[in-house]
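Enquirer: Listed here are the chains, written in short residue letters.
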Amino acid sequence: MPALPGSALPGLAFDRAAALAGLEGDAELLAEIAGLFIANHAQSLSEIRAAIMRQDRHGPERAAHTLKGAVANFAAQSAVDAAWTLEQMGRAGELATSEKAWTTLDAEIARLIPALVVLVEEKVS
Amino acid sequence: MKILIAEDDPISRRLLEATLVKWGYQVIVTGDGAEAWAVLQQDDAPRLAILDWMMPHLDGVAVCRKLRERENTAYTYLLLLTAKGSKADIAAGLEAGADDYVNKPFDQRELRARIKVGERLVGLEQALAGKITELEKALSQVKELKGLLPICMYCKKIRDDNDYWHGIETYLHQHTGTDFSHGICPTCYEKWQAERQAKKAKS
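From first to last, the protein sequence lines are chains A and B. To convert, count from 1 in the first sequence and add 1; that's my numbering. To convert, count from 1 in the second sequence and add 449; that's my numbering.
For reference, chain B alone in the conformation it holds in the complex (with noise of 0.2 Å):
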């Protein structure tokens, strides 16, 4: 998975780099707020990004506002990596759109834990769009029955939207894939038993 990373201080930029590159990750650095935003606005930008609070150009609490005002992008999981002790920064920086922190010196087995529900967060994420796409496509084909359909009287077969006439059976599996087991109703094969009653008087 690939992780953003935003922090202006060397020493704090480099440890967190080493530390996710040990444990796998694809990692991309950035040294200020302004490059973290720049990078999240890209179309493969990463899902999951750790933000120093403060920070030259844009701090990290702006960097999480800016991105949470965004419509119609997929979820990124942001954490705060903050030195600032207080309730009130940290409730600030979670009402920012921050999904959690991390304090600093970051505890390594802390900081892999957080990261792993990030990462859990974003799965479900992209789980939930797939279903979400798979559910609009079906309802875009449920919505073509939902229409007055052209059939006719007799025959019963359907005329589609380019004037071709379909048998009952192949429009709807087209518009939505249903599968046919043929059978008789009780009417029709009373009225099949009368026909074939009176052939076999005739002959």
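This is chain A alone, in the form it adopts within the complex (with noise of 0.2 Å):
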């Protein structure tokens, strides 16, 4: 049997189990909030490629901190650690080697959208 997207199995996208667990189990708020971050995350995403292209020293590390806040809510470990990294970048002013943690932070939210549409897709359904 597949395993469910986002079930707690190393390299997937977010753990289901430990993001309903952090809602006391609540499958509706969930997929709410994961509709909401599905709506919204192309903007941070940009606002935070926009401070790096600007050469903006601490413009990533204030969106990049909301971001890691927001994906935390869905346990999505990988995405977490991409935005602190940025974050962290951000805070330091290390602009130069930014690239690098910028295209991982986009691979990381890359994976996490679709592994979120489906949850979406399965409350709805």
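Everything labelled a hint here was simulated from the structure, so no lab data went into it. Any given hint might turn out to be false.
If you only want the chain B side, here are some residues facing chain A, beta carbon under 8 Å, derived [as the list claims (entries may be wrong)]:
| # | residue |
| --- | --- |
| 1 | D457 |
| 2 | P459 |
| 3 | S461 |
| 4 | L464 |
| 5 | A467 |
| 6 | M503 |
| 7 | Q557 |
| 8 | G579 |
| 9 | E583 |
| 10 | E585 |
Straight-line alpha carbon distances no greater than 30 Å define the calculated DSS-like cross-link-like pairs of lysine-lysine that follow [as the list claims (entries may be wrong)]:
| # | chain 1 | residue 1 | chain 2 | residue 2 |
| --- | --- | --- | --- | --- |
| 11 | B | K515 | B | K451 |
| 12 | B | K565 | B | K515 |
| 13 | A | K124 | B | K471 |
| 14 | A | K101 | B | K536 |
| 15 | B | K580 | B | K515 |
| 16 | B | K451 | B | K606 |
This structure is a prediction, so every number in the text was calculated from the model and none was measured. Cβ atoms here follow ideal geometry from the backbone N, Cα and C, with glycine treated the same way.
Combine both chains into one complex, guided by the hints.
Expert: Shown next, in the form of structure tokens:
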């Protein structure tokens, strides 16, 4: 039987069981905030990207911090780690070496979104 | 109880709101520190606020600082919600005036327990404020008796601020709430006995 997307296995986009446990099992609320993230993630990413592009020394710090907080609700550890790395780089003003960190974050979010879409669609159907 | 939440991330904001409503709280939702500050300055502002640390316009720490600079206002319990990990950051938040903090993503049971602490503290402060008001009222009445009281040296009536003479019992009752049980002191009793004897002797 195939594993559900987001189950507690290494390498998956998010830990569904942990995310549900954090919400005391409220699957509807999890689906609702997943929908919110799907709708809003592009703006968060573009804020970070724009700050890096304009060499805004501490710009990525706040946006990455906010994104980190959002993805942590889904127990999406890889995405949390990627956002944390970029947040720290933003805080330290290390924009010169942030391209790799940005690519990693972008990839992790790209991995997370389809998994969240599946979650939302399961709830709707 | 009313609780203010200030959170710029729509996901965390919705999560907080849904959780607090589920627990029976009335929730005032704001999206940044400036909005939160405006709400906290109103007369019927919530007495407990959950503030995200990093927010646009005014961050959570700045809101804490501004609130604690206000004088003569009811106490507001401030919980900082933070994904910041360092002890230095947390200490800075508490030093700015936050009462407690919760890490993101928050554990529901922990958040609820910390809110309950806040409720207890707000309740204690309200009770204390009520007692202080009662004491100040009582003190203002006691002060009236500490000054010079114009008293008749014959009948012992006391003159009030409106030039009316009152029996001493009436005056004290009005100003202190004291009630009296009437008796007779040994000196007056001897005097009364002597007068009674003298009357008997005459008749």
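Enquirer: Each hint: holds or not?
Expert: Now for the hints, and whether the structure bears them out:
no. : hint              : result
1   : D457              : 7 Å, holds
2   : P459              : 5 Å, holds
3   : S461              : 6 Å, holds
4   : L464              : 6 Å, holds
5   : A467              : 5 Å, holds
6   : M503              : 5 Å, holds
7   : Q557              : 5 Å, holds
8   : G579              : 36 Å, violated
9   : E583              : 43 Å, violated
10  : E585              : 45 Å, violated
11  : K515/B <-> K451/B : 20 Å, holds
12  : K565/B <-> K515/B : 24 Å, holds
13  : K124/A <-> K471/B : 20 Å, holds
14  : K101/A <-> K536/B : 28 Å, holds
15  : K580/B <-> K515/B : 27 Å, holds
16  : K451/B <-> K606/B : 54 Å, violated
Comparing the model with each numbered hint stated earlier shows that hints 8, 9, 10 and 16 do not hold.
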